[in-house]
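A.B. asks: Throw the hints in and build the complete structure from the sequences for me.
Residue 124 in this note's numbering sits at position 124 of the sequence shown, and the numbers go up by one each step.
For the record, the hints were derived by calculation from the structure and aren't laboratory data.
Quick caveat: nothing in here was measured; it's all calculated off a predicted structure.
Be careful, since some hints might not be right.
[Stated by the list, open to error] Computed beta-carbon distance windows for the label pairs:
1) Ser8 with Leu30: 19 to 29 Å
2) Ala24 with Ala167: 29 to 39 Å
3) Ala166 with Ala385: 42 to 52 Å
The beta-carbon is built from N, C-alpha and C at its ideal position, and this holds for glycine as well.
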Amino acid sequence: MQKQLPPSTMNAALDEELRALEAAGLKRALRQVHQRRAGTVLFNNERVADFASNDYLGLAADPRVARAAWAVLQAEGTGAAAARLISGNHPIHETLEHTLARLKRVDFTLLYPSGYMANVGAIAALVARGDVIYSDALNHASLIDGCRLSRATVRIFPHNDVAALAAMLEAERHQFRRALIVVEGVFSMDGDLFPLDQLVPLARRHQAWTYVDDAHGTGVLGATGAGTLEHFGVSGQVDVVVGTLGKALGTVGAYVGGSQELVELLVSCSRSFIFTTGTPPAMAAATLEALRLAQVESWRRDAVRERARRLRLRLRGAGLDVPGESDGHVVPVHIGDPVRTMETVAALRRRGFLVGGVRPPTVPAGTSRLRISLSAVHAMELVDALAANLLDVLRSR
1 MQKQLPPSTM
11 NAALDEELRA
21 LEAAGLKRAL
31 RQVHQRRAGT
41 VLFNNERVAD
51 FASNDYLGLA
61 ADPRVARAAW
71 AVLQAEGTGA
81 AAARLISGNH
91 PIHETLEHTL
101 ARLKRVDFTL
111 LYPSGYMANV
121 GAIAALVARG
131 DVIYSDALNH
141 ASLIDGCRLS
151 RATVRIFPHN
161 DVAALAAMLE
171 AERHQFRRAL
181 IVVEGVFSMD
191 GDLFPLDQLV
201 PLARRHQAWT
211 YVDDAHGTGV
221 LGATGAGTLE
231 HFGVSGQVDV
241 VVGTLGKALG
251 TVGAYVGGSQ
261 ELVELLVSCS
271 RSFIFTTGTP
281 PAMAAATLEA
291 LRLAQVESWR
301 RDAVRERARR
311 LRLRLRGAGL
321 DVPGESDGHV
331 VPVHIGDPVR
341 TMETVAALRR
351 RGFLVGGVRP
361 PTVPAGTSRL
371 RISLSAVHAM
381 ELVDALAANL
391 LDVLRSR
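C.D. replies: As structure tokens, then:
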């Protein structure tokens, strides 16, 4: 007779963990939004102002981008159908890679399905045991996970502290085979910039490689929208440049750019590239059109910065803690407590404004905040209304 197993206790254990997360204000849930139009979305069948997305240039719902995807969708179907090293490498993938390489002023780029996959795949392919990574304390989770997966020694330096990084390099760089310095161009939760013009010469003095995730700078910063490297005048001087296509360009995917040798190594050794299906050709076509529009419609970059300046001026003038550049398109408003942060998010949603609430582990404990993102297609009246309603909500709590 078969012995009967006791009932599983997994659900009970998970329920207890979920209750603890909820009590701490850290439980997360999905929310449905659709019909993105002019800086607004439908949320619970109500049109609300969307200040929570990364659609900085307002291209995610542009019909010209959709038409470019549709034309290739009709001709090529819905998917690449295989990993690119098997039979999923379409000519339009390579056209997009060459276009991105020209924009970023690198020799080659390589497409990945997402920014997360780019970072975990590239870092782990570049360094290993016996090497060292110097990582900014506020780096994105994908960068942190890429560092962990590499099995290299990881040293964390204080956020944006080039002097501290220099001291660490001086003290111990000689102990390791390779050294990789990993930073973000625009920090996604703080909106501030890493001083890349100081990073490049420092890295060269110590024979360290530079790795910059420019996900939130590409399309927005620089004279041509090439990103943070162009903004700081170091285009072509950073060893590894990463960017995503689902933020300012409004599509999906990511890329890693650099030398021919870098890309050839990634094709052979980056597991998150090798062992995954290629991105749909239609999405590559959409991205090419978005890149074209971002170049010819430079007013979009001006517009998003103008809206950011206006919002920051209103909030800082009222005494709020709003870090970052005066025209930074990511606007953090520090609240501190995660429960109060999410209560503020809910109050703004009831007033018709969708903003992001960011809590640990995304940010350090005690630094929970609102993360407000500006878009070129936000009506200025919406920006003013958000500022007025946010100040009113905070005063009432």
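A.B. asks: So, for every hint listed, does it hold in this structure?
C.D. replies: Verification of the supplied hints:
| no. | hint | verdict |
| --- | --- | --- |
| 1 | Ser8 with Leu30: 19 to 29 Å | holds (25 Å) |
| 2 | Ala24 with Ala167: 29 to 39 Å | holds (36 Å) |
| 3 | Ala166 with Ala385: 42 to 52 Å | holds (45 Å) |
Checked against the numbered hints above, the structure violates none of them.
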